[in-house]
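> Take a look at the letters that make up each chain.
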Amino acid sequence: MTAMGIATAERIVPNEGGENVLAVRNLKTAFRTPNGWVEIVKGISFDIAAQETLAVVGESGSGKSVTALSIMRLLDPEMSRVEGSVKLSGRELLKLNRAEMRDVRGRQMGMIFQEAMTSLNPLATIGAQIAEVLTIHGLMSNNEAMKEAERLLDRVRMPAAKSRLNDFPHSLSGGMRQRVMIAMALACKPKLLIADEPTTALDVTIQAQILQLIKQLQQEEGMGVLFITHDMGVVAEIADRTVVMLQGEAVEADSTDAIFARARHPYTKALIAAVPRLGTASGNGQPQHFPTLDRESGQIISGKLRPDTIRHAAEPVLRVKNLVKRFDLPGGFFSGPRGRVHAVENVSFELRPGETLSLVGESGCGKSTTGRTLMRLVEPQSGEIAIDGTDILALDKERMRDMRRHIQMIFQDPYASLNPRITVGEAIAEPYLTHKLGTRAQARQKAMDLLGQVGLSPEMANRYPQQFSGGQRQRICIARALSLEPKIIVADESVSALDVSIKAQVVNLMLDLQEKFGLAYLFISHDMAVVERISHQVAVMYLGEIVEIGPVKAVFGDPQHPYTKRLMAAVPIPDPARRLEVRPISNDEIRSPIRAADYEQPKREYRTVSEGHVVQVWGSDWTV
Amino acid sequence: MTTISEGISALPPAPGPFDTVRRILFRSPTVIAATVMIAIFVVVAALAPWLAPYDPLAQSMLKINKLPSWENWLGTDQFGRDVLSRMIYGARNSLLFGFISPVLAAIFGTLLGVVAGYFGGYTDRIISRVVDLLLAFPELLLAILIAAVLGGGFWNIIAVITVAFIPGFARVARAQTLSVKQEPYVEAAIAVGVRTPIIILRHIVPNIMAPIVALMTLWVASAIRLEASLSFLGIGTQAPNPSWGNIIRDGLNSLFGSPWPIIGAGAAITIVVLAFNLVGDAVRDALDPSTAR
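Residue numbers (this note's numbering), protein chains in the order written: chain A, 1 to 624; chain B, 1 to 293.
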């Protein structure tokens, strides 16, 4: 493993013809810790030519971001040590002093970060912030800089650029903020753009827009791009060449086509195998395991087919009818609400034992609120939620407490959903004891059993959550949810925060548990590819409403609603051969679910496409 | 199961809260010195009957307002009582007030703050307004006000200082509760059906304790100072019982005869308050990283 790492680290990514914008040789970065220096980046080398995009891909902790920060020399010199050579157009960056480095940053290389909100100053207008980059480097006077800022906003396809100049960052959406960041990075026409997970925090349709934008700008400006990401789909979409990092080492480096076609390193193979891709669902319409890598043999084990887990004859275990949840935005003291967030509008669906229904949609579409309403963590305005035929909205507090045995939830953030002061054994036993299902000793036994069920060792019951990794914590959360032997599990973006290989394992675990216990899942996600893989039914939500619902095969194979089509078009395709196709991507923002207080929800009509596949009839606002 | 192993047990055990405290307390020499100083005062207060050379209440007409000598290291007061003995016994008083009041205030204040923060709505409004009202008065003024109504005496003074300190704890506890309440693990407990009192005791209180403990350490110093001020004003510890505050008050009458009672008691107050402040700062930095430099 180590030998292999060194072998590939020595090999420079081939770059025939043309001059290199960036040449990195044997870059090593170490951090100072109480126990001495710890090497995070263990010697990587690569070149980037003009007009070329190099992707550095790896999972969390692989050292990919540290690589970017080392090149920019943004690490604290007291706490870190960078060795090797970084040449920008032939000039050694690691030997420059602070003033010279300042001149290089922004001027010759621009950087964009993941969190566009925290990277912008909330107290300055975006025009002023873009102009500042130009004036700081002494390129322009204030007036010229403002004019240039407008031109730049136009170049990053900011809608109504001129009127946006005086806006503050908080009034822009996430995608628009990232456009501003790109405009700032491009202001001085840098030779190199470093993009550190620039689309990870964005919705999938906005991600597609930003990726498209970076591609277009690169062709126009002729700059090199160093693109850091964890997403192989994005890599295939944007990169000419790719470096795969694992634990600080470059385990494989080649052209993106070659990596996807004939990856040699088992880790790369596993990464590519784990990428969910649309249109690969199994033939029998059943959810399918993700392929996984067997570490010992280096073989990819493709996901096995599953039997039909749905009990078709049984009554639906969950029936939701005309569910409505609106949040008032408080107005003045004497006036009524200023407006309302229509979070959930007239949502109806059914879930049978052993079935998985996925709610997909982008931020603000109401999918999480729907899940929380089912748990009565928020109270809906109207509608009906029946679990096993009992209307839970009619239950009082005490009877609801009993009902919670049948429906459990797994949350998104595995780091925040376990109390740091309680051992995982106690955390798993808590629901069991709360409902007085047995003695303490039985609860303990149950907790240990469940740890085994989710693939952890029972001795770990005495440890605290901090001692586990993200994937392990999510397994613990699943064990906690299972301790009441519920019929339904609401999984709210439960695998979104996990690295791709861990994500595949957790999803496989959930599928196994469904098979074993006949669980019904309500799977809430924005990730279309994961959804396609694991669901029986899918419901696409937009602005609080279900616009299309039906069996996965029908909805994904024959999408009807324009929004479903747009979502599917935006999913990155992990196939580098299709990189050069320019796909039609609409430049629209996601609309806001906030309406005026007197807004009347229009009467919706639905059309049945095929058996079980229903689509909302859309109006003239969806002219695509 | 054929899965990629997730590097089980690759992570080091997380340091417990006590490791952090130990690390901070023994990092800087100033904090070590302050800790040693506090330890000395605690020992002196605990062993007062054996350490004090005289009975702190014994009066002697023969030794009124004497300057320091080998017999009376800090001289005597206007009743001929040994000032050093009174100071040693006074340390008991100061440290008792210094510890009991902040602890009581922390308990009641945290309770109020957590209830206000967790339940919100009218409960929160009423508690918060009362707390704001209390906070509007300077601590000393509030203490004088209550002491004037209740009179002096040990438990009255404890009550006075406790009430004066409750708002600070209530506010911190409320703010912390508001943020911890949003944590998914609290929501997870609700979703499981855990009862509200258990949620508060098991999931909220342990997670808001760090800033409360830090505040408590810092306010030990304030409590000692407040007790001395009240005793100096004559509404704290009542004569003839010794307290650093009323030693200064008694010494004021014969300031130009013998300044030693004032110097001694003043130095004791200064050193103890300083020591507790230093340790309090260190504890706060250790437990609450957001306030650290």
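Possibly wrong hints are sitting among the right ones.
[Claimed, not checked] Listed below are the simulated DSBU-like cross-link pairs for lysine-lysine, each with C-alpha atoms no more than 30 Å apart in a straight line: (1) B/Lys-181 with A/Lys-397; (2) A/Lys-87 with A/Lys-147; (3) A/Lys-553 with A/Lys-269; (4) A/Lys-215 with A/Lys-516; (5) A/Lys-487 with B/Lys-63; (6) A/Lys-487 with A/Lys-516; (7) A/Lys-436 with B/Lys-66.
If you're looking for bench data, these hints aren't it; they were derived computationally from the structure.
> Hint by hint, where does the structure go against what was stated? Just the numbers, ascending.
2, 4, 5 and 7
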